[in-house]
Amino acid sequence: MIFIGSNAAEAHPISMQHILHAKEVNNAPIIVVDPRFTKLAAKASEFVRIRPGSDCAFIMGLINEIIQKGWEDKEFIRTRVAGYPEMAEIATKYTPEEVENITGIPAAQTRKVAKILATNRPTSLTWCMGGTQHSIGSSITRAFCILQLVLGNMGKSGGGTNIFRGHDNVQGATDMCVLSHTLPGYYGLSDGSWKHWCRVWDVDYDYITSRFKEKKWMNAKGFTLSRWYEGVLGEEKIEQYTPIKAMIQWGCGSNSNSQYNRVVQAYNKLDLFVIVDPFPTMAAATCTTDNVYLLPCSSQYETSGSVTSTSRQIQWRHKIVDPIGGCRDDYSIMKDLVERLGFADKFYKNIKETPEDITREINKGTLTIGYNGQTPERIKKHMENWHTFDIETLQAKGGPCDGDYYGMPWPCWTDTHPGTPILYDVSKPVAEGGLPFRNRFGQETTYVMSGREENQLASKGVCNPGSEVKGGYAEFKDVVPGTNWKTDLSQKTIKEAIARGMAPFGNARARCVVWTFPDQVPIHREPLHSPRPDLIEKYPTYEDKPNHFRVFTRYKSEQNPNLVKEFPYVLTTGRMVEHMGGGAETRSNKYLSELQPEMYAEINPVLGNNLGLRDGEMIWIESPEGGKVKVKAFFTERVDDKTIFMPYHFGGTLMGESLAGNYPAGHEPYVMGDAANVCTNYGYDIVTQIQATKDGLCKVSRA
Amino acid sequence: MKKLILPGCILFWAMAGLAIAQSQGQLLTSFGPGPSTAAFHEINGLFTGDWQQYGQLFTSLQANIFSQIFLLVVTVVPLIFFLHYIIIGPMKFSHEGRQIYYFNLLSRCIHWCAAISFALLVITGLLTIFGSLVGGGVLLRSGRTVHLISAVTFSGSALFMLFIWAKDMIIAPYDFLWMLKIGGYLSKENKTVPAGRFNAGQKSWFWLATLGGTVMAVTGYFLYSFQGNTDTLRLSAIIHNFLGAAMVTVFIIHLYMSLFAIKGAIRSMISGYKPEAELKILHPRFKI
Amino acid sequence: MAQRKIRNSSSVGTKTSRVTLNPKVARRSFLKLSAATAALTGAAMTTRMTAKAATPAAAKAAYPDSKMVRSVCTHCAVGCGINAEVRNGVWVRQEVAQDHPVSRGGYCCKGASAIDMVTSEKRLKNPMKRVNGKWQKISWDQAMSEVAAKLTAIRENDGPDALHLNGSAKVSTEMAYLQRKFAAFWGSNNVDHQARI
Amino acid sequence: MGRMKFLCDIERCIDCSGCVVACKEGHHIPVGVNRRRVITINQGKPGEKSISVSCMHCADAPCIAVCPTDAIYQRDDGIVLVSKDTCIGCGYCFMACPFGAPQFPSGQVFGARGAMDKCTFCAGGPEETFSVKEQKLYGQNRIAEGKVPLCAAMCATKALLAGDADEVADVYRERVFKRGSGTNAWGWDKAYKKK
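Taken in order, these protein sequences are the chains called A, B, C and D.
Take the position in the first sequence, starting the count at 1, then add 2; the result is the number in this note's numbering.
Take the position in the second sequence, starting the count at 1, then add 723; the result is the number in this note's numbering.
Take the position in the third sequence, starting the count at 1, then add 48; the result is the number in this note's numbering.
Take the position in the fourth sequence, starting the count at 1, then add 196; the result is the number in this note's numbering.
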């Protein structure tokens, strides 16, 4: 098992049960790649200390080493991987010595890790925010996947890429695409997608179009959570006809946003700010204007609905008690709002029983990821009979759910399909949870880099057992004329595919080259604020991007080799086990507050002593953008002497000033501290615009 | 004074030495070869490290020895005096003759203040030591509160006593002579013993009550407030108990002297007057 | 010597009268302990968990007439099962979900205090609005009508894209779906949630 | 009847404090009183190990030996309990305990310590089982319900074992056996002088 940028022991403690099981019973080596010696690293057999933001170089180095030694899974690559030679060509640049130069990992250790990976197959690769929150986050995550492809670990029990997700339902909310660039089920924003969802919602496409300012805004990606405030402040050039004037923050802690001091400025400029949350979040305390409404929604234990865990298992969260006090559950707040805004009849056209009818509507429309089989009845049946599931395979043995996998991980193509516990596993029939790679990007491609032409479908002979076509095939369409498997609401297409033993989305190759991304093959690029100015020339960042989710985003113009002289230390953030997210919930819990009562910054004793600091002393940490936090110095060897770590759960204090008085009286959290994200640096991923909180720069001084 | 402190110290160090030696021996036998991981030893050391220093000593002392010592104190000491009373009998002095004004009102008030609070301290302290016989609970919890209030009161009065009597309590060479004669109490005849305003016995009692009382107050403060590390607490408890035993012993002696050994001695602390006859024998150096 | 002393006095402490101080406790616990031991092994060994879970029947004794509700922890994406014991509409205690196939009864400190999400004194109980810098309690009706009126005004003056909705990964999948659907019906793509960060 | 024991598997404990909070939340323990704690050594260095500690329910308990009021007693199954009605809060048990198990919430009079509170192995106290008084003073009585102590039942990684000493030992022996040889084996570093 290899963990990169993941601290499962703190962020996902229960997963450790299974991780340690693998370590103890299967004698699986645990490799932890992290800038910090985390609690997970304490359980690891190999700890690799990496410079923040250089993960891509390390992984490409591993790939190179594996290929050089001939340890790659040649058969897997021949039959199921596309764009391999182009990728391998680029990987050769990352020799172990070059990797050592970029990442700080000794060349011998890179070689050792490559050997461990090659000799312990299948390997499971896990990453978290440590892998994604970089300006090259999308390249880093792709590099992870390519490593697994090269090793042939995809679609295997014990292999694959397992991203441990943060919030309890971040998978479910992502599947429903509460995202500015796509409609539920990852349909995107094209006209076809809108038309598909209008059919599901049973409303006229023209009605939805009329709701928008102009039709072009329907297809344009919106602002994101990480940079919406630019739309309010107007300091960067925005690509929208109006600035943002109103904000509804529904169950979002807000102090997890980087450059939080600018977010606060935006709060104070809003004409309307509605916060729907069980606790007053830090947002309520930071803004001082009058147009703020706090709507107390109930906690999730006081309402019901389905939740999707990180392993795509869908569980039904039953209501335990009625909403307390004057709280209302989310559904009734939404219904009230929609009724008052006057489109309730259309909005709730097919939704009578909440939330079950909503689940049914999701089942009806979300065909892309096979969300059709997870009916509310089946999910509840799984919850009632959770004891019948085998703990090794998570498949029910007998009982009412016989043969189902727990929580019916999507795709669950029909209401009798057991769910797909392992994606892209060709050893099982599709009807029993097997799956080939999806055919999504055409069938023939000519690579720009090499001029080579390649068929994107899987090779002959590679298919799920019982498949009618023995080999690669394209996605299903025109079973019902004019539709494909994604848009056929009658689901006849999907059923026919399953009946023929085939996956509705085709059987193709996984690609190493993504021709729509700025970097077709993942390459290392220095963070915007790099502590290694000598590497900037060799590994420069991207060109500036004018319309990146409606806002101008600086890359090249932000990268300044001289910055490190004034801000010499790398700032990285992370979680601790006692708190969650922005911490509004957990800092309002007296027992958890007792366990972690103070905000701190981890500093290596060597660095601390060189700076003349004392353990337990208050210090200022300042970012190049002018954000600064006053925190307690905590000397520990968890971090190296160039890195400073802060947990990001704290809030209630802004730049050293307590905001306790700004909370509604009696509702301020038990513990308050400076929000680490005031200090996190500018920097956003080139594709997804995820904020780069893990590889910024800072300076430290005594308070 | 030395008579009591010295054996006390010897007893204390003998006990401590014995217990430490025992603890070392026990360590070898009870843990044996044990699990071998270094981390286990480290964690084990983390918990039991400081315990092995004084914790074990405290535990073994508190388990039986303290209560046995106090049992001895409250049974054997009165028994000895009982025998003394029967065999030798009390000293009798004529109360007819000239009465000397010996204790002024202030000193009498302070004395009784100290006496009552000290009696309460002894009673509640003994109650706590033999708590299992009483059954604990509300009675002893109030006992602890009384112990606290009495301790504060006694500390105050002892301080006052120190001011008003310290001059008369300075140890003089003839006190050793008094000590050798054990104040003449072993003789049935009333022979003159060397003593000034206060005899060596009273001086011992005085210094034990004031200086020992200070130590008791400090250790008691630690035990009550739980300030300081665990070893400080353990040492405090050990000192508090041993010194307490000594003070209870002397307290009983003092009680016997005033109530039984010298007939009518207590009257002087009530009225302030002592008969001249008594003074001539017991406090010959006192200038009338 | 020290060792012997301790042992002596501990046997004094373990007077039988103490153990049977309350005969009812002693008898009941001794009878039930065999069951406990079985369950204990379950807790101890993951592979034996499901077979030897404590029976709900035994739990009835502590909270008669209570019912068990199965739910899911709201803190991280592992999806640990929660067994909530509810009596008369009050969540009286959090019971161990030993037979949950993923968590097998395990909780971290956040999950173990799930009940606190409902009972915390810091929870908001009424809608609030800031008036002249001070928080004021208002009714739901007032809050919702004011919010709706202001939203409508902003929509008419500045267009639908003047609203940004930050949704959540803490709500149920159904609610998340409604949030996205709301944005679509409102007429804007300015909607996002924590998956972006 | 065996003796009830806790055993914390330090190879598994990840310092998540689940046991601590499970205990507090389950028994409604005031803030500041820790019936159970997690201790980490070598923090941030290779060889970092954590262990969860509470009352160990010693066979030969020093606290019982030193208690002046005999408020602490041991049941036949080895569980060491305290009668809060008898306890006077003198603190001697705290000084005698090698594990720092006894805890003292502040009492009413002059800030004196209240009655001692410590891990009950989820076995309540001497009051009537499931009575309101027992619940209030000692928390749940899970042993009487036939259930495992909360901390062990809710342990995230099943590091904390609780139960009959023989069975706990069996489970642990089985684990050590499964860990086999190499870096995961218990005592390997010691036996072969390498890390």
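Quick caveat, the hints were computed from the structure, so don't treat them as lab data.
Hints should not be assumed to be uniformly reliable.
As the list claims (entries may be wrong) - Quick list of simulated restraints, FRET-style, between CB atoms:
no., chain 1, residue 1, chain 2, residue 2, range
1, A, D208, C, N180, 20 to 28 Å
2, B, T955, D, P242, 29 to 37 Å
3, D, V227, A, E619, 25 to 33 Å
4, C, K182, D, V227, 48 to 56 Å
5, A, D324, C, K182, 27 to 35 Å
6, A, G401, D, V227, 38 to 46 Å
Said to hold, decoys possible - Which residues of chain A face chain C? A partial, calculated answer using Cβ under 10 Å:
no., residue
7, S126
8, M336
9, D359
Heads up, the beta-carbon is just placed ideally off N, CA and C, and yes, glycines get one too.
Quiz item: Which hints from the list above does the structure break, by number from lowest to highest?
Solution: 1, 4 and 7
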